[in-house]
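Novice: Residues per chain are reported as follows:
Number of protein chains: 2
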Amino acid sequence: MQVISSPEQVQSFLLRQKQNGQTIGVVPTMGALHQGHLSLVQRARQESTLVVATIFVNPTQFGPGEDFEQYPRTLQDDLQQCEQAGADLVFTPKTDEMYGADAQTFVRVTELTQRLEGAHRPTHFEGVTTIVAKLFNITVPTIACFGQKDYQQQLIIRQMVKDLNFGVKIVTCPIIREADGLALSSRNRYLSETERNRALVLNRALRNAGQQAEGGVSPAQIAVEMQRRIHDEEGVELEYAVVADERTLQPVCEDTDSAVALVAARVGKTRLIDNAILRFPSTP
Amino acid sequence: MQVISSPEQVQSFLLRQKQNGQTIGVVPTMGALHQGHLSLVQRARQESTLVVATIFVNPTQFGPGEDFEQYPRTLQDDLQQCEQAGADLVFTPKTDEMYGADAQTFVRVTELTQRLEGAHRPTHFEGVTTIVAKLFNITVPTIACFGQKDYQQQLIIRQMVKDLNFGVKIVTCPIIREADGLALSSRNRYLSETERNRALVLNRALRNAGQQAEGGVSPAQIAVEMQRRIHDEEGVELEYAVVADERTLQPVCEDTDSAVALVAARVGKTRLIDNAILRFPSTP
Chain A
167 MQVISSPEQV QSFLLRQKQN GQTIGVVPTM GALHQGHLSL VQRARQESTL VVATIFVNPT
227 QFGPGEDFEQ YPRTLQDDLQ QCEQAGADLV FTPKTDEMYG ADAQTFVRVT ELTQRLEGAH
287 RPTHFEGVTT IVAKLFNITV PTIACFGQKD YQQQLIIRQM VKDLNFGVKI VTCPIIREAD
347 GLALSSRNRY LSETERNRAL VLNRALRNAG QQAEGGVSPA QIAVEMQRRI HDEEGVELEY
407 AVVADERTLQ PVCEDTDSAV ALVAARVGKT RLIDNAILRF PSTP
Chain B
167 MQVISSPEQV QSFLLRQKQN GQTIGVVPTM GALHQGHLSL VQRARQESTL VVATIFVNPT
227 QFGPGEDFEQ YPRTLQDDLQ QCEQAGADLV FTPKTDEMYG ADAQTFVRVT ELTQRLEGAH
287 RPTHFEGVTT IVAKLFNITV PTIACFGQKD YQQQLIIRQM VKDLNFGVKI VTCPIIREAD
347 GLALSSRNRY LSETERNRAL VLNRALRNAG QQAEGGVSPA QIAVEMQRRI HDEEGVELEY
407 AVVADERTLQ PVCEDTDSAV ALVAARVGKT RLIDNAILRF PSTP
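Same order as they appear, the protein sequences are chains A and B. Using the working numbering, the first residue of the first sequence is number 167, and each one after it goes up by one. Using the working numbering, the first residue of the second sequence is number 167, and each one after it goes up by one.
What the hints contain is simulated information worked out from the structure, not anything from laboratory work. There's no promise every hint is true.
Copies of the same chain look alike in the list, so a pair counts if it works inside one copy or between any two.
EDC-like, lysine to aspartate or glutamate: derived pairs with alpha carbons at most 16 angstroms apart [claimed, not checked]: (1) Lys335 with Glu213; (2) Lys335 with Glu174; (3) Lys315 with Glu235; (4) Lys260 with Asp423; (5) Lys328 with Asp268; (6) Lys260 with Asp398; (7) Lys315 with Glu263; (8) Lys335 with Glu391; (9) Lys435 with Glu391; (10) Lys184 with Glu292; (11) Lys328 with Glu174; (12) Lys184 with Asp254; (13) Lys435 with Glu232; (14) Lys328 with Asp262; (15) Lys328 with Glu263; (16) Lys260 with Glu174; (17) Lys184 with Asp233; (18) Lys335 with Asp421; (19) Lys328 with Glu277; (20) Lys328 with Glu249; (21) Lys435 with Glu235; (22) Lys184 with Glu359; (23) Lys315 with Glu412; (24) Lys260 with Glu359.
The following block holds chain A by itself, in its conformation from the complex (with noise of 0.2 angstroms):
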């Protein structure tokens, strides 16, 4: 496995190895591996002959008074597990060589990125749409590997890449759980034992939705459910907890056969987010 943190050279050896008729498959991530992104490095092994992971912690993705600082780097770790997953190649840039000290151009995808994450965290997708054309343009992706944990990030990407005509397929891959549920996340290394406890409301509250929702509850009450479950948990700050449709975020209160459930909350210090493909009885 290569390691490469120029990016002019991670371009150029890909663009030769895409000439020579590599299909590449590209799994950009922030480092801090676990099981859900390596999922993801074994989902792009299996479906390209190159497999290309990105790690960079980037600083436009996180807001003032965000764990930018501390947001855990692992890179020795890491490495190794990209090499055990399959990974060919893993692009390690640093700050400077991705944003020179005259940087100003951004890409901004203007609806998807307004309502659950893009409201809490108004300049968050900006950064990513702009780091994930970047890396695009690097890593000359034939696919790209995101996780559904970020259910609106994917969601997102898929736009940009449709809207600006990037020609990547973007394959998004199922969320990874511990046994007890909980999604796996990098953040949930800043958690407490009591409050790793606390977080397993998330999960709760999105299983019991699922069950609702077969159960024909409608999705206006599956929502006060869920927000009432998180709300109720002590130590646990409710952000948001919403049923919308699968493909525009907009809330789903009319009948439908499927829709996504999505929370967001504070446990302690740390922000945790989740989500739940839900399934209801057709309407006969």
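Using the hints provided, position chain B relative to the given structure of chain A.
Specialist: What follows is chain B alone, placed relative to chain A:
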């Protein structure tokens, strides 16, 4: 010469060509081609094995009240000229193929777009950078040719290419002028004979600026003299006439070896721009 309107078809064809080792030279245009555009096609011909011209009157780079509706559309003539100039493929997308109903992604360069054209046409450059990003993704150029006539535009596109890591070499080609000095522009065909004569003041002001620079006149004085000349011409309304840094477009006030003089004016209802590089005597 092929003519294709489908973005998907062009993209997959050109990706294949690139894999086969072709170097792709792209010339983005809004049609209404003149010898200026053709010089770009000829330059692309010299520097690449496969030459693509794109013809698309991009609505998003026209502001309210600008000339989008009346912009000349001369497709049959354009295609003939492209073929004669050596294009292999002309991409002629329709508006709804370029902008889906839910299109919501924009590429924005923040600093270089503030002054001059950006100040007079506030939404113009976001339209330009967004469409050029799309065209680059569709046509996967090795090089792309732009005219020096749109001096600020080519700077902004260079900045975007650098900031977003597009693997494209930008080539800027010299301004092509009529025998009497008028810079070629698709908008020249809006001019009456009287207006066309009046429009010559732009080039005269720039040539005078060049002579003054060689004579050691200060940038500030040169700017004032350009403004005076253009302002004094009957039927010509000055928008700006400045001497600016060639890379940042900031006004040049101090001693310098070279700078760019940029002018914009309305001649009747027609808005024209022009520019020239100024060389100053080396300071001892």
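Novice: Are the hints correct? Go through all of them and say.
Specialist: Verification of the hints:
1. Lys335 with Glu213: within (11 angstroms within a copy, 31 angstroms between copies)
2. Lys335 with Glu174: Intra 23 angstroms, inter 13 angstroms, cutoff 16 angstroms: inter-copy only.
3. Lys315 with Glu235: neither (23 angstroms within a copy, 45 angstroms between copies)
4. Lys260 with Asp423: Answer is neither: 45 angstroms inside a copy and 35 angstroms across each miss the 16 angstroms cutoff.
5. Lys328 with Asp268: between (28 angstroms within a copy, 10 angstroms between copies)
6. Lys260 with Asp398: neither (43 angstroms within a copy, 54 angstroms between copies)
7. Lys315 with Glu263: Answer is neither; intra-copy 29 angstroms and inter-copy 32 angstroms both fail.
8. Lys335 with Glu391: For Lys335 and Glu391, neither the intra-copy (36 angstroms) nor the inter-copy (56 angstroms) Cα distance is at most 16 angstroms.
9. Lys435 with Glu391: neither (24 angstroms within a copy, 62 angstroms between copies)
10. Lys184 with Glu292: neither (29 angstroms within a copy, 31 angstroms between copies)
11. Lys328 with Glu174: This pair counts as between: shortest inter-copy Cα distance 11 angstroms, intra-copy 25 angstroms.
12. Lys184 with Asp254: So Lys184 and Asp254 pass the 16 angstroms test inside one copy only (14 angstroms; across, 23 angstroms).
13. Lys435 with Glu232: within (10 angstroms within a copy, 51 angstroms between copies)
14. Lys328 with Asp262: For Lys328 and Asp262, the Cα distance is within 16 angstroms only across copies (13 angstroms; inside one copy 29 angstroms).
15. Lys328 with Glu263: Classified as between; 11 angstroms across copies, 27 angstroms inside a copy.
16. Lys260 with Glu174: within (12 angstroms within a copy, 35 angstroms between copies)
17. Lys184 with Asp233: neither (37 angstroms within a copy, 42 angstroms between copies)
18. Lys335 with Asp421: neither (31 angstroms within a copy, 52 angstroms between copies)
19. Lys328 with Glu277: Answer is within: at 14 angstroms inside a copy they meet the 16 angstroms cutoff, but 27 angstroms across does not.
20. Lys328 with Glu249: neither (31 angstroms within a copy, 31 angstroms between copies)
21. Lys435 with Glu235: within (14 angstroms within a copy, 55 angstroms between copies)
22. Lys184 with Glu359: neither (47 angstroms within a copy, 54 angstroms between copies)
23. Lys315 with Glu412: Result: close within a single copy only, 13 angstroms intra versus 46 angstroms inter.
24. Lys260 with Glu359: Answer is neither: 34 angstroms inside a copy and 58 angstroms across each miss the 16 angstroms cutoff.
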